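Engineer: Read off the chains here:
2 protein chains.
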Amino acid sequence: MSKIHDVAKRANVSIATVSRVVNPGRHKVNPETAEKVRAAVKELNYRPNALARALQMKKSMTIGVIIPDISNHYYAEIVGGIQGVADKAGYNIILQNTDRDPDQIVKSIYLLREKIVDGIIFSGGTINGYEPLSALKELRDRVVVIGRHDVDFPAIMVDNIAGATLAVEHLIELGHSRIGLIGWSENSTTAKDRLSGYKNALAQNSYPYDQSLICQGSLTPESGYNQAKILLSRENRPSAIFAGNDQMAFGAVYAAIEMGLRVPEDLAVIGFDNIPLSSFFVPPLSTIAVPMSELGSDSMETLIGLIAGEQVARIKLHKTKLIVRKSTLSK
Amino acid sequence: MSKIHDVAKRANVSIATVSRVVNPGRHKVNPETAEKVRAAVKELNYRPNALARALQMKKSMTIGVIIPDISNHYYAEIVGGIQGVADKAGYNIILQNTDRDPDQIVKSIYLLREKIVDGIIFSGGTINGYEPLSALKELRDRVVVIGRHDVDFPAIMVDNIAGATLAVEHLIELGHSRIGLIGWSENSTTAKDRLSGYKNALAQNSYPYDQSLICQGSLTPESGYNQAKILLSRENRPSAIFAGNDQMAFGAVYAAIEMGLRVPEDLAVIGFDNIPLSSFFVPPLSTIAVPMSELGSDSMETLIGLIAGEQVARIKLHKTKLIVRKSTLSK
DNA sequence: ATGAAAGCGCTAACAC
DNA sequence: GTGTTAGCGCTTTCAT
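If you read the sequences in order, they're chains A and B.
Okay, so the first sequence: first residue is 589 according to the working numbering, each after it adds one.
Okay, so the second sequence: first residue is 589 according to the working numbering, each after it adds one.
Bear in mind the hints are in silico, worked out from the structure with no lab data behind them.
You may find that some hints are simply not true.
Since the list gives no way to pick one copy over another, a pair counts as held whenever it fits inside one copy or between any two copies.
Stated by the list, open to error - Calculated pairs, BS3-like style, for lysine-lysine (alpha carbon to alpha carbon, straight line, at most 30 Å):
#	residue 1	residue 2
1	Lys647	Lys591
2	Lys630	Lys695
3	Lys914	Lys817
4	Lys597	Lys907
5	Lys695	Lys787
6	Lys695	Lys624
7	Lys695	Lys725
8	Lys647	Lys676
9	Lys630	Lys616
10	Lys780	Lys817
11	Lys630	Lys591
12	Lys591	Lys904
13	Lys597	Lys695
14	Lys630	Lys725
15	Lys909	Lys695
16	Lys616	Lys646
17	Lys676	Lys646
18	Lys597	Lys725
19	Lys591	Lys725
20	Lys787	Lys817
21	Lys597	Lys616
22	Lys780	Lys597
23	Lys616	Lys780
No experiment lies behind these values; they were computed from the predicted model shown.
Generate the whole structure from the sequences, applying the supplied hints.
Structural biologist: So this is what it looks like as structure tokens:
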């Protein structure tokens with residue numbers, strides 16, 4: 589692989605001149621000389637070494653993305669959104685999977701710092717501890733988080749409370765009063781917010797909050813299935829279920845059908861996320877649409893602003909939308 | 589951010605010594621000195637600059653992954669598999685999305701070369717042209733492809749022909765003779781292979797190959813829905829449909845139900861891929877399981893072998909598996 | 001407009 | 001066992 593030196597020799601100029609034509613704009617260079625250099629570049633198939641350049645410029649044009657798991661649809665969409673704007677701006681992204689493991693998270697941050705990333709986008713898992721925070725400190729002005737984290741970085745969030753309220757109010761309007769909730773981990777702020785929205789909607793309509801209607805899955809269809817089975821075999825079972833995400837909603841529908849209940853006639857089910865398959869489910873699933881890809885693109889735009897030294901909003905809240913399909917048709 | 593020089597000063601040693609304790613193994617260093625250095629490292633929160641190290645060592649511990657689209661489940665799983673083994677081996681991955689656009693592919697390769705990646709894993713889209721091939725040339729011994737590409741790099745593949753044969757033979761055993769196929773682009777070797785498997789199964793059972801049973805979708809549920817509608821409104825409609833992937837199979841089931849056909853009683857449907865949701869579909873979808881994550885991990889293992897200068901297999905074929913669920917129960 | 005040379009932060013000969 | 005020094009390939013003053 590040829591280096592700047594080779595090109596300089598070939599074009600009979602100094603390496604400084606080569607650098608100037610390879611990075612146009614900052615300095616003038618004689619058009620003829622430039623042409624000679626460009627010819628040499630082409631002949632030698634020269635490509636500047638980004639490592640060397642980054643070392644010198646203290647700018648790697650690389651950003652780090654820390655997520656729990658890329659094979660999870662939600663994060664894949666986010667990363668897709670990040671990629672889209674990163675590409676256009678000339679940034680590359682280094683991916684770090686953490687499985688939400690605090691040690692992994694800390695390790696990832698250190699690793700990205702070693703690789704001299706220009707910034708970090710963090711999503712999923714928690715970042716509140718002393719370790720991750722102090723590790724992130726050195727990049728303080730170049731970090732954006734997706735989701736609520738109670739830390740002092742610009743945050744891109746989904747209005748989960750409003751979304752959940754939307755879902756449950758929809759169910760209430762349909763005439764349901766006993767509404768089951770399949771939530772998940774108490775450690776997740778997202779889960780907590782969706783639960784809050786559920787409670788809000790009940791309170792606004794003066795319905796009691798009944799603990800026996802609440803259970804916890806783990807975001808998988810399997811867990812939705814299991815929890816729905818439990819919920820539906822109680823006496824005085826709910827006539828509607830609000831599942832914390834579409835995956836669990838699918839599991840819940842499946843459980844209902846297996847138990848001889850019809851959806852939506854005997855049980856209404858609504859999910860959260862609006863994954864692509866939800867409209868092709870049988871019955872098509874009502875849900876709350878979350879603009880995942882936008883979360884990603886917005887976070888990258890924010891990071892770019894941060895890197896440019898701009899003032900950026902402390903919080904950006906993205907709206908959700910109620911999508912009514914067959915799984916919650918009239919009671 | 590502190591540099592090796594700061595640590596050296598703090599510990600009252602030379603930078604060479606610091607380097608030696610930071611990268612243990614190669615050289616001996618007095619335990620006491622080492623301890624002093626480690627203390628200084630900790631106090632200054634020193635982290636070696638990976639860029640500088642990579643520049644010197646000509647090894648970045650970073651590999652490039654080129655795929656069409658990370659928000660596609662298939663590629664997300666592959667990348668997940670790659671990540672898993674990359675992490676353990678100390679590699680980071682830089683992601684490049686191409687949308688299968690040849691220009692983007694070439695650009696991605698150049699970009700990764702500039703970033704001095706230690707290797708590249710390529711999946712999806714085509715790589716046969718002169719441009720991408722010559723761009724890849726400089727990394728010749730450090731490239732592995734996933735899927736069939738008729739190029740001289742180690743390839744990790746799925747036995748799509750055998751898988752499709754499996755699917756169609758299953759349908760034939762069930763008594764179906766008119767079996768529709770929803771395929772996709774003729775440019776895709778995967779699509780071609782799955783079509784070949786379909787033809788093989790028919791031939792082995794002396795069934796005719798009827799062009800009117802073949803149509804092309806685009807891997808989305810929408811397209812599966814549309815194509816199934818066409819197939820099912822022909823007179824002498826098929827009694828079974830083999831869809832090129834699960835997404836299209838979902839669409840096909842949906843179309844059938846909309847047309848008043850029962851699945852599997854009036855129409856059997858089988859997909860391909862075995863995405864997680866397929867077992868929670870209503871009815872649960874029969875399909876051919878593809879070990880996507882394994883494809884990723886295997887490709888990374890192969891690349892690591894390549895980097896280590898080992899001899900690696902030219903081709904590794906991964907087996908598929910027939911998963912029978914309700915969507916193809918007896919005719 | 002162009003070249004010489006310093007230096008980005010690190011590793012690895014090579015001396016001692 | 002430890003220090004000195006020469007690069008890795010590039011960008012960027014500073015001269016000219």
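Engineer: 30 Å Cα cut-off: does lysine 780 pair with lysine 597 within a copy, between copies, both or neither?
Structural biologist: Classified as neither; 64 Å inside a copy, 50 Å across copies.
Engineer: Please work out whether the CA atoms of lysine 630 and lysine 725 approach to 30 Å or closer within one copy, between two copies, in both situations, or in neither?
Structural biologist: between (43 Å within a copy, 16 Å between copies)
Engineer: Should lysine 647 paired with lysine 591 be assigned to within, between, both, or neither, using CA atoms and 30 Å as the limit?
Structural biologist: Both: 20 Å inside a copy, 16 Å across copies.
Engineer: Have a look at lysine 630 and lysine 591 and pick one of within, between, both or neither, based on CA distance no larger than 30 Å.
Structural biologist: Within one copy only: 12 Å inside a chain, 37 Å across chains, cut-off 30 Å.
Engineer: Treating 30 Å as the Cα threshold, decide for lysine 630 and lysine 695: within, between, both or neither.
Structural biologist: between (41 Å within a copy, 15 Å between copies)
Engineer: Is the C-alpha distance from lysine 597 to lysine 907 at most 30 Å within one copy, between copies, in both cases, or in neither?
Structural biologist: Neither: 58 Å inside a copy, 53 Å across copies.
Engineer: Please work out whether the CA atoms of lysine 647 and lysine 676 approach to 30 Å or closer within one copy, between two copies, in both situations, or in neither?
Structural biologist: This pair counts as both: shortest intra-copy Cα distance 17 Å, inter-copy 27 Å.
Engineer: Taking 30 Å as the upper bound on the Cα-Cα distance, should lysine 780 and lysine 817 be classified as within, between, both, or neither?
Structural biologist: within (23 Å within a copy, 43 Å between copies)
Engineer: When no copy is specified for lysine 695 and lysine 624, does a C-alpha distance of 30 Å or less occur within a copy, between copies, both, or neither?
Structural biologist: Answer is between; shortest inter-copy Cα gap is 24 Å, intra-copy 47 Å.
Engineer: Check lysine 909 against lysine 695 for me: Cα-Cα at most 30 Å, and say if that holds within a copy, between copies, both or neither.
Structural biologist: neither (37 Å within a copy, 37 Å between copies)
Engineer: Given identical chains, is lysine 676 near lysine 646, meaning Cα to Cα at most 30 Å, within a copy, between copies, both, or neither?
Structural biologist: both (21 Å within a copy, 28 Å between copies)
Engineer: Which holds for lysine 616 with lysine 646 at a C-alpha limit of 30 Å: within a copy, between copies, both or neither?
Structural biologist: within (23 Å within a copy, 32 Å between copies)
The earlier numbered hints that this structure contradicts are 4, 5, 12, 15, 22, 23.
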